[in-house]
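S.K.: Residue numbers (our numbering), protein chains in the order written: chain A, 1 to 86; chain B, 1001 to 1086; chain C, 2001 to 2143; chain D, 3001 to 3143.
If you're looking for bench data, these hints aren't it; they were derived computationally from the structure. Note that the Cβ used here is the ideal one computed from N, Cα and C, for glycine as well. Some hints could be false.
Subject to a maximum C-alpha distance of 27 Å in a straight line, what follows is the list of computed DSS-like cross-link-like pairs (lysine-lysine) [what the hints assert, rightly or not]:
1) A:Lys-44 x D:Lys-3061
2) C:Lys-2067 x B:Lys-1044
3) A:Lys-53 x D:Lys-3139
Take a look, some chain C residues computed to stay more than 10 Å from chain A by CB distance [as the list claims (entries may be wrong)]:
4) Ala-2017
5) Pro-2022
6) Asn-2037
7) Gly-2082
8) Glu-2137
9) Gly-2143
Among chain D residues calculated to face chain C with C-beta under 7 Å, some are [as the list claims (entries may be wrong)]:
10) Pro-3022
11) Cys-3028
12) Ser-3031
13) Asp-3036
14) Gly-3040
15) Arg-3108
Here is what each chain is made of, one letter per residue.
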Amino acid sequence: MAVAIAVRVRFFARLREQSGTEIEALQVPPGATLEDVYDVLRRKHPALEAERKAVRGAINQELSDWSAVVADGDEVAFIPPVSGGH
Amino acid sequence: MAVAIAVRVRFFARLREQSGTEIEALQVPPGATLEDVYDVLRRKHPALEAERKAVRGAINQELSDWSAVVADGDEVAFIPPVSGGH
Amino acid sequence: MRYDVTTGPIDAHELEAVVTHPGAGAICTFSGIVRDNSRGQSVTHLDYEAYAEMAVPQMRKIGDEIKQRWPAARVAMAHRTGKLEIGEVSVVVSVSCPHRHEAFEACRWGIDRLKESVPIWKKEHAADGTYWIEGDEAKPATG
Amino acid sequence: MRYDVTTGPIDAHELEAVVTHPGAGAICTFSGIVRDNSRGQSVTHLDYEAYAEMAVPQMRKIGDEIKQRWPAARVAMAHRTGKLEIGEVSVVVSVSCPHRHEAFEACRWGIDRLKESVPIWKKEHAADGTYWIEGDEAKPATG
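Bound-form chain A, shown alone (with noise of 0.2 Å):
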């Protein structure tokens, strides 16, 4: 049984530019939420963003909730809020 499960981690804009990446492998507990995951780059990359609300979390290229699960394989990205505009 697997120990650890490998992801793709993408980050994108001021992210990319705190954390120094723009995409890194990351490997992690079975049953990783995308919560765990940041908390895990967080602790990698201690200038990314501390407030949550702030980001947004992706798994294959679909905006998902903090308590989503991530699979081995997966692309996971954060992102922060688009620059909407008028």
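Based on the hints, put chains B, C and D in the right spot on chain A.
M.R.: Chains B, C and D in isolation, oriented as in the chain A frame:
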């Protein structure tokens, strides 16, 4: 004192087809209104639209009331409603 | 600002270039195209006829009114005349504004006013005959 | 239908050609342009960054929703990424419909949805610094 004034008359679209002419010189009595001018033209061109509300008159490129008086040298135009559309 | 009545094809890009400037964040461009059907009939082509000496000043008046209502707007409009085939562009209104909602509103207001007040007429060559389109009425052409 | 995220210039005419067809009487095209000012500050240039693999499907979803609301509509949209200078086109949405009012409404709905839901971010290089624009907030860039 002038016994007649000269105007240039222009017809457009359906009225042009009815009159059979695009432009014509016309002499009318001093004090003639747009309505008088149109009546003269209706006698010359019997096919010209009889229903007055389907016609607008313009003097020197400005839409004008039927009671507006024309002056020597004016360009008088008779035009149908514009196409509108959605 | 630019207001044209022209027998040649209309280049929407040229009109957009007229309204673009460094303070414009939004351009809304409307193009009217010759459709292949009207009044439930198939259409083969159109003829547009203009009273150009009156149409161009009337377009300018609409442009001036747009600038009164939306002071930051810049406006260009052109209408083509003569024979137009299906798919050809008959009219273009392009408006730039700092922000997009005002660009949409000003452009729409402009084409609505143009259609109701600029002396340009449409003759429709359709399966059921040839008609002058006057507002909601289609009147048989005789020319 | 066409949905692009591209580093090269956007050709609005190309998008209009995609939506044109014999039943379309109206095309409304919105272009977003890089303005020389924002938040009361002068702007020198912008950088746009996209999550392209998510942005293109999201654009397609917006196009599908437009077709649900306005069944006769045809839609094309493109967003540019990378460095953009003042006056350059960042985004274009073009919609054709049989009649003009629905073309305006569908196009405006499309650009509004795009701006609020497609994962593309704007970094503003302005007189007072460099900021990521996130909704109504401007947050200092650090990269």
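S.K.: Go through the hint on D:Ser-3031 and say holds or violated, using the shortest Cβ distance to chain C against 7 Å.
M.R.: 4 Å, holds
S.K.: Compute the least Cβ-Cβ separation between C:Gly-2143 and chain A, then decide whether it is above 10 Å.
M.R.: 50 Å, holds
S.K.: Does the CB of D:Arg-3108 sit less than 7 Å away from some CB of chain C?
M.R.: The hint holds - D:Arg-3108 has a Cβ within 7 Å of chain C, the shortest such distance being about 5 Å.
S.K.: Far enough from chain A: is every CB of that chain over 10 Å from the CB of C:Ala-2017?
M.R.: Correct as stated: the minimum Cβ-Cβ distance to chain A is 23 Å, above 10 Å.
S.K.: Could you check that no beta carbon of chain A comes within 10 Å of the beta carbon of C:Glu-2137?
M.R.: 41 Å, holds
S.K.: Have a go at the D:Asp-3036 hint: is there a Cβ in chain C nearer than 7 Å to its own Cβ?
M.R.: Because about 4 Å separates D:Asp-3036 from the closest Cβ in chain C, which is inside the 7 Å limit, the hint holds.
S.K.: Taking 27 Å as the top limit, are the C-alpha atoms of A:Lys-44 and D:Lys-3061 close enough?
M.R.: Violated. A:Lys-44 to D:Lys-3061 sits at ~35 Å, over the 27 Å cutoff.
S.K.: Determine whether the non-interface label on C:Gly-2082 survives the test: each CB of chain A must be over 10 Å from its CB.
M.R.: 40 Å, holds
S.K.: Examine each Cβ of chain A, and state whether all of them lie more than 10 Å from the Cβ of C:Pro-2022.
M.R.: 17 Å, holds
S.K.: Let's test the interface hint: is any C-beta of chain C closer than 7 Å to that of D:Gly-3040?
M.R.: Because about 12 Å separates D:Gly-3040 from the closest Cβ in chain C, which is outside the 7 Å limit, the hint is violated.
S.K.: Can you verify the interface hint for D:Cys-3028: is its Cβ closer than 7 Å to any Cβ in chain C?
M.R.: 6 Å, holds
S.K.: Holds or violated: is the Cβ of C:Asn-2037 farther than 10 Å from all Cβ atoms of chain A?
M.R.: The assertion about C:Asn-2037 holds, with a minimum of 37 Å to chain A.
The structure fails to meet hints 1, 2 and 14 from the earlier list, while all remaining hints are met.
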